[in-house]
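Peer 1: Residues per chain, in single letters:
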Amino acid sequence: MKLTRAVEPWVLEPLERFVLEAGARLTLVMTPSGQVLAQHGFTRAVDVMAAAALGAGIVASTAEIARMMDESTFHALNHQGRRHGIFLGACDTGRGRLLVLVVYAAESSSVGLVQLFFEELAVALAAAAPAPAEQPPVLAADFERDLNESLATLFRP
Amino acid sequence: MADEVKRLTAELARNPGSLVFLALGETLRARGQLDAAARIALTGLERHPHLADAHDLYARVLADAGDVEQARDEWGMALRFDPKHIGALKGLGFVHFHAGDFDQALEHLETALAADPLDQTVVQALQTVRAAAEIAEAEAAAAAAETEDAVEGIADVFAGLEGARQGLLLVDLRGRLLGGGMRDGTDRDVAEPVAAYLAGASQEAERTARLLELGTWSWIVAEGTEGSMHVSQPSDATLLLVRRDRSVPSGRLAVFAEHATAVARAWLEEQQG
Amino acid sequence: MSLRFQRLLDVITRVRGVQGAMLVAGEDGLVVAESLMEGVRGNAVAALAASLTKRFGRAAEAGGLGPVSFLHLQATDGALLVVPAPEGMVLVVVADADVNVGLARLEMRRAVEEVA
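Protein chains in written order, with the working numbering: chain S, 474 to 630; chain Y, 743 to 1015; chain R, 99 to 214.
Hints are computed from structural coordinates only; laboratory data are not their basis.
All clues given are correct.
Quick list of simulated restraints, FRET-style, between CB atoms:
(1) R:Arg207 <-> Y:Ala996: 17 to 23 Å
(2) S:Thr535 <-> Y:Ala856: 45 to 51 Å
(3) Y:Asp815 <-> R:Arg102: 46 to 52 Å
(4) Y:Asp898 <-> R:Pro184: 41 to 47 Å
(5) R:Arg207 <-> S:Met541: 43 to 49 Å
(6) Y:Glu811 <-> S:Gln553: 22 to 28 Å
(7) S:Gly569 <-> Y:Val747: 45 to 51 Å
(8) Y:Asp898 <-> R:Leu101: 56 to 62 Å
(9) S:Met541 <-> Y:Asp843: 48 to 54 Å
(10) R:Pro184 <-> S:Gly569: 42 to 48 Å
The model shown is predicted, which means the values in this text are computed figures rather than measured ones.
Just so you know, even glycine gets a beta-carbon here, dropped at the ideal spot from N, CA and C.
Start from the sequences and build out the full structure, keeping to the hints where you can.
Peer 2: Written out as structure tokens, the structure is:
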């Protein structure tokens, strides 16, 4: 069963390489607003939606702290648990700023490995991203349709 | 029963946030309508993510569909919300029983029995698991008698070499044994766990050497407090492990390992005809 | 960075053939202190050395060898040496392929004793 899927195909190969090298259990590539471009390891749409929303929220609140400190936006965050860690990184591409949420097991990976290969992922995404296109205004109905289509792609058997 | 489905569906439509989805999901599952049952269970889980009964329902649907791994995860989730949930305990008992882990199966079923001593399905399940465990123990004793012959065959790769059965191991890149054997200081057979942990070691060594611009990796030595291990790659698809205790100096270990690598290469070439 | 760590690492880098020495957090693979020649990627050394040590540590324990006290990866153009250090750290050395391993190891062990 293929565990890695992408709504936007250019993300797929860099993501697959990252997951293999970093030993990530779960990964999401998304926009800062929580729109998911690709995922690895998730088996339920409800988990993807929740993780994307929470991840985007964490990054947004951390950006606010950075602003209060007169600091430019943080590029990476790491939360270390006993058995798992969560890493959130940001990178800039022609498609815009992207966030990458990674869940890794402490036994088979580490924040050092994830950071190391995240740097390579950021370079690969920047190189693979298509040129920015005119973005039409997003209507509520369009958003819901796009979300449902994305979820269908991310969980296609 | 079709009327029952209609009735429950209508009730759920009137009150989508109610728990009637549990009864509807179970009814659909019992009728074998697993896709519909799964959709009902997942929709219910979106509204009631902390309800143990909902996770139990989804787990039963997954188990019926053959996805035992995911069913186990869902029952595990149910127990996190309700550690005495009978359905989840029975479910995990079933999962472990079918995986051959009778100890774990018994542990879950005994917990279920303690939570509800009158549940006859649990009593019956316990009897079944205990009987199966006794048969398995008898079979294991018989199999142990054949193990020596099996070891004899696997050790042939390094026949005549010092430590052929306890300090030399040839494995493929997936951790499967090809030849030799390995025992620890207490004479315990550790070939399989060592092989399993070293599966992927060559890729890790290759990656390390490549990314740090060290060239092509040749070998790795790991020295522990009780002994040393030398790991090399006789071919692209195999790993050779040589284990020695602390009394063997590292230089001598390296010389011996080189010789063992040559023996392994010759054997591999023979196998390829 | 602690001057004390820096001093200890600098002594190791004086061994001929050593390109760099680092103290690394063993679980995280993150740099604690480093003394590296130009061109040596510290964060890569830290992450990869820690990962390799963890993997071989598990294999060594499974094989009844006890905790790893020294790890040596030999490659055609270089070598990686690892020694456990206090507080879950590891001391890592990147070296040329023909480094005097015995001498490097001696200095690494001395440094680790001073870190304690």
